[in-house]
Amino acid sequence: MNKKWQIKDIVDLEYFFHADETGGEEHAEDRLTQRDRDIFLRQIRPLFPEQVSENREEKHMRPMMIRSWLEQRRHLEKAQHGPEAVLPGDIFSEICRFLIWLFFMTGLICGGGAAFSLLRYTGQAPLNISVFLGWLVFFQIFLIVFLLLFLSIRALTRSLGEKSLLFSLLSRMFVRMMKKLGNRAMRKLSGHQRQSMEAAAGLMRGRKKIYGSLFYWPIFILMQVFGTGFNIGVLGSTLLKVLGTDIAFGWQSTVQFSAAGVYHIVKTLALPWTWFVPPEIAHPSLSQIEGSHMILKEGIWHLATPDLVSWWPFLCFAVLFYGLLPRLLLLIAGIAARQRALSRLDFAFSECDSLMRRMKTPLLQTEGRPVPSEIKTETEQEPEISPRADIPPKEVQEENILTVLIPDDIFDDCKEEELRERIRALTGTDFQEKIRIGESREKDREAIRKIRQMQSPDVRADVLILQEAWQPPIREFLVFIVHLRQNLGDLSRIRVGLIGKPRPDTVFTPAKEEDWNIWQQKLRTLGDPRLHPERLVSHET
Amino acid sequence: MKRNVPEFAIVGHPNEGKSSVVSTLAEDDSVRVSPTPGETIVCQTFPVIIDGQEIIRFTDTPGFQNPIRTLEWMHAYKGSDELIVHVFRETHADDPEFRDDVELFSPIAKGAGIIYVVDGSRPLRKTDKAEMEVLRLTGRPRMAVINCKEDETEYIEQWKGEFRKHFNSVRMFNAHRATYAERIELLETLKSIDQDWHPALVQVISAFKKDWENRNMQTVDIICTMLADCLTYSVSRNFTEKTGEDVLRKNLREEYSQAVGKMEKQAHQRIRKLFRHNIFNCELPAHSILHEDLFNEKTWQFLGLTRGQLITAAGLTGGALGAALDVAAHGLTFGVFTAIGGLAGAGWAAFGGGKNLAKAKVKGIHLGGQQIRVGPLDNIQFLYILLDRALIFYSHIINWAHGRRDYLPAPVSKNESGKAGIISQWDDSSRRICTAFFSALRSSDDAAADRARKEMKKMLAEALQKISTSERRYGLVMKE
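Which chain is which? The protein sequence lines are C and A, in order.
Quick note, the first sequence lines up with residues 70 to 610 if you use this note's numbering.
Quick note, the second sequence lines up with residues 14 to 493 if you use this note's numbering.
Don't read these hints as lab results, they were simulated from the structure.
If a hint is listed, it holds; no wrong ones were tucked in.
Distance condition first, Cα-Cα at most 27 angstroms in a straight line; then the derived BS3-like pairs of lysine-lysine: (1) A:Lys471 / A:Lys275; (2) C:Lys512 / A:Lys91; (3) C:Lys581 / A:Lys142; (4) A:Lys471 / A:Lys223; (5) C:Lys512 / A:Lys142; (6) C:Lys570 / A:Lys173; (7) A:Lys286 / A:Lys222; (8) C:Lys512 / A:Lys178; (9) C:Lys581 / A:Lys139; (10) A:Lys178 / C:Lys570; (11) A:Lys173 / A:Lys162; (12) A:Lys204 / A:Lys178; (13) C:Lys77 / C:Lys147; (14) A:Lys479 / A:Lys467; (15) A:Lys470 / A:Lys222; (16) A:Lys162 / C:Lys570; (17) C:Lys512 / C:Lys484; (18) A:Lys139 / C:Lys512; (19) A:Lys142 / A:Lys91; (20) C:Lys581 / A:Lys173; (21) A:Lys286 / A:Lys479; (22) C:Lys484 / C:Lys570; (23) A:Lys139 / C:Lys503; (24) A:Lys162 / A:Lys142; (25) A:Lys286 / A:Lys470; (26) A:Lys223 / A:Lys479; (27) A:Lys139 / C:Lys484; (28) A:Lys142 / C:Lys484; (29) A:Lys162 / C:Lys581; (30) C:Lys570 / A:Lys142; (31) C:Lys570 / A:Lys139.
What you are looking at is a predicted structure, and each value in this text was computed from that prediction instead of being measured.
Bound-form chain C, shown alone (with noise of 0.2 angstroms):
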């Protein structure tokens, strides 16, 4: 798994980056995280078993990463729309190709018409040589050396190819067409996936910052590519007007140069292919380079044939070395650049953050859901627990005995004194007895076979139970209560007594509101008229 990145991806990059935006819906967030931690499990991580843990990013997997999380969504796409569906980075390189043999085309057509026609030979002359390398050769290595100084300054100054005039007209015209190529593509997709396709077209153009001079190099290839065409058409067209036709070469000045200065000036521009080149076909000689110097007012009926055919050689290699060379080596060069722009890029832009997060994020779920229980309770309602009594109470006796049943917790700092009088003040009358419960429910029990024992036909035990609000009613303490009942008989007056927490200096302090109505509401449920909860302390005291 170690796929290149190309510019293609690039622009499919950006393409699913469009579609994936959602505009902050919820839902389709939740869809993309679940789908690229997805994707990223069961594809990406398999694939790099080693490197990729869970807790560790490490840079250089980044790009390798996103570049499988594209292959996936490529699939997912194809799997989508059909096999057929296109997606940009499939147009773009269409229209690269397309670019790049219309570009050597024209280079070659261009190249050959302007060397035809600068090597139109009459026969009244011979054609002036300098006027072929000034325009084949010199200018073409005017250009070069201009495209070299550009390339250093924008290098210098990394401003200038993103301002450059050339490159905005040419990739402005490079999005217009892939446009136009992908219409009829386009027009089976959505409209949010046409918008998308745009917005990858638009990437050229807006994208700088984060693709840097990457979208520069495809534009300099297709200028390369043009450049070779060119000096090809040059090459061949010449070649063949020199094998078709018989074309005679002669120079002339006027400035008066020596024959042997014209000779040092073109064994200087053969010295790229002398050392290959046997001397007599590299350049003319001396000789000949006098024998072809025309000075029109001296006729040229003296000039020899052979000193006027030796300069082609010449001025093929000239092209040769001084046109076609450069341009293969800057195309090789652009080609390279291109790449490494492509293996520089660390994707660390705001929308592949989002995505490695999506990817590397596990999906946490924590909703709660009911335990279906194995061992089956009938209802949901509170079971029953209510006393038995249904015989309706009878007048109330007049005499009756209070017993206070106080919980084990708090009856050793359960004062006599201050209980007594709290008693007092809630009933009118004093209590005769104060047990403990709530040790083990066998003294419990014991407690009110006691209370039982008290009551006789004429007298009625009354009880008052402490008990702290703040403790929430449980069962236990009901079904207490529910015994008690069965045991004193229904003309017995239950009390809880409700106190709230303890103080170091006291236990008796009013219970809370919430706790009070909680254990109002707990005591009614249980069905007994006789059974009151009872605030011990009121809020003023």
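Chain C is fixed; fit chain A onto it per the hints.
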């Protein structure tokens, strides 16, 4: 597969805050938290599913209803220790009085670890001791969590002393702390109760942390986009003699503030959704400054930077005094005039205060009349206000587990600087980043804007993480 999933049963006396602990652990606001004891009558599980696989599970259980009777039964039990819970459940399966107890033992019977929750602000009672003893007799790994429902701390030592006899570890549950921080701490403590569960918990903690980080980053994105949208927004209209410039100006201002307010609200809603308020309609704390409108006087009074800080902020950009005056002078409209004017007093007037926040500008001749424009607001304080409000909103949202309960924090009055927000406590370097972000919004330098945005995001991510672990409640002001 299912058998291997570690399960933690959250058990305890009724109404001790079990459900609060569960909802914090599982980050699920569907847990019914009610002040009425016995609200939970069946177990509810909260599986933690990572990448489609259940890793651990929390189970909320009903409270003990018969601790003493259960303990007595267990003491009388003669069979094998491992089966004690099973036999208890079988024996009491048909007894309606033991319905809750039978139910609460069901996860424990399946091998769940025990998280015993108590309210540490109340005294220890016999029933509690019985419950602890019952849990000890189950033989399952267990930890105790002290959840103080009220501010009393005098009983805590008593509880801790008792817990040491029965539990592998004890932890205080801090309801005032941010949900996230508390969750991570609780999970960390859980690691200590049984080594076998260590790997699963490590995985869960890491997933929770990542998930949180991820949500923070998304929040940062939302905030940055909202800031850029609000700060660059403007409305313009053509007007002719007939339309009347003043009326149009007023209408435009109205339109402008409504549109910006809407952008802000939408961003807040998106943040809210990130933090899973699906079921519970999360309400802002009663004292939150966010109850005030964006362009309300109070908002501008309590949030953003102080005037001194603003001038420093302007100085930071290199604009020195000129910029300071500029920043200060644009500080008002929509009634903010009086607020800040009152605040700054005479000094304010010296700065020539009185110009509008969003200046309505006559933009030039347009075909068919002149054009008038309101916005974008070029007052950096506006950025701080928006930012403060977003951060405060975030801090409310991540504290949802407590916001809806009766843990009402005392509203803090504004701090020494006169501000109740977060921003006014930031240091110079953070403010410098804000300033750079603010000016980058207006510049055409793409690279600088990108850099400024990156810096801003980084800083905000840190700020959110800080809020996530902070105990402070932000943006609460005393009602007058």
